[in-house]
Amino acid sequence: KQEVTQIPAALSVPEGENLVLNCSFTDSAIYNLQWFRQDPGKGLTSLLLIQSSQREQTSGRLNASLDKSSGRSTLYIAASQPGDSATYLCAVSGYSSASKIIFGSGTRLSIRP
Amino acid sequence: NAGVTQTPKFQVLKTGQSMTLQCAQDMNHNSMYWYRQDPGMGLRLIYYSASEGTTDKGEVPNGYNVSRLNKREFSLRLESAAPSQTSVYFCASSDGQLKRNEQFFGPGTRLTVL
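Read top to bottom, the protein sequences are chains A and B.
Going letter by letter, the first sequence gives residues 1 to 113 in the numbering used here.
Going letter by letter, the second sequence gives residues 1 to 114 in the numbering used here.
Everything labelled a hint here was simulated from the structure, so no lab data went into it.
Please note that the accuracy of each hint is not assured.
Claimed, not checked - Subject to a maximum C-alpha distance of 30 Å in a straight line, what follows is the list of computed DSBU-like cross-link-like pairs (lysine-lysine):
{"id": "1", "chain 1": "B", "residue 1": "Lys71", "chain 2": "A", "residue 2": "Lys68"}
{"id": "2", "chain 1": "A", "residue 1": "Lys68", "chain 2": "A", "residue 2": "Lys1"}
{"id": "3", "chain 1": "B", "residue 1": "Lys9", "chain 2": "B", "residue 2": "Lys57"}
{"id": "4", "chain 1": "B", "residue 1": "Lys14", "chain 2": "A", "residue 2": "Lys42"}
{"id": "5", "chain 1": "B", "residue 1": "Lys14", "chain 2": "A", "residue 2": "Lys68"}
{"id": "6", "chain 1": "B", "residue 1": "Lys57", "chain 2": "B", "residue 2": "Lys71"}
{"id": "7", "chain 1": "B", "residue 1": "Lys57", "chain 2": "A", "residue 2": "Lys1"}
{"id": "8", "chain 1": "B", "residue 1": "Lys57", "chain 2": "B", "residue 2": "Lys14"}
{"id": "9", "chain 1": "B", "residue 1": "Lys57", "chain 2": "A", "residue 2": "Lys42"}
{"id": "10", "chain 1": "B", "residue 1": "Lys9", "chain 2": "B", "residue 2": "Lys71"}
{"id": "11", "chain 1": "A", "residue 1": "Lys42", "chain 2": "B", "residue 2": "Lys71"}
Based on the provided sequences and hints, a complete structural model is requested.
Spelled out as structure tokens, the structure:
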């Protein structure tokens, strides 16, 4: 059974710092991995999606990497801003469970001005 | 292009009452999903529909039923609400696993069962 873990559960850093959020999964047979952002009381916004054949994806100040063999993904945020404060969730989609997606419980990020 | 829409945004029920949560997408996606989100537990899949005319159970299906009315609409029904079903419910859609399968989410329904 696929399990997705995100550590730490919460992170606070000063504005301007580069930071890395971690996601690990137990079954390396994944179809893709997706990173989402969730603001308080809101829905999820897709940030980046990495297909199983890819190693990384970039969008602006965000870079997501995928290492299937070790069951890990990282989300790198460059030059953090207070507007980056939110909860970040990763989710994996597996081949064996058609269309099912398993979420981690998220990392709550706070950027201090 | 509205994306994924959900109604209602908020709902308060008494134990034993029934209700249906509505979801619609205008992206011509094949797959649709219902999740619930509880504090500290991330999102858990309730039911999903890989394509029009099919539905399957997810991780926490007990107490819920679903209907894939057509390609656009996927509803979630609580027949007899219980306080344990107090949660935020999200609907999502994707083009399906044969393609990119990127998920897009609705704004959520906050349900309280008293």
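Going down the list of hints, with the structure as the test:
no. : hint                : result
1   : B:Lys71 <-> A:Lys68 : violated (33 Å)
2   : A:Lys68 <-> A:Lys1  : holds (16 Å)
3   : B:Lys9 <-> B:Lys57  : holds (24 Å)
4   : B:Lys14 <-> A:Lys42 : holds (25 Å)
5   : B:Lys14 <-> A:Lys68 : violated (46 Å)
6   : B:Lys57 <-> B:Lys71 : holds (18 Å)
7   : B:Lys57 <-> A:Lys1  : holds (15 Å)
8   : B:Lys57 <-> B:Lys14 : holds (25 Å)
9   : B:Lys57 <-> A:Lys42 : holds (25 Å)
10  : B:Lys9 <-> B:Lys71  : holds (22 Å)
11  : A:Lys42 <-> B:Lys71 : holds (25 Å)
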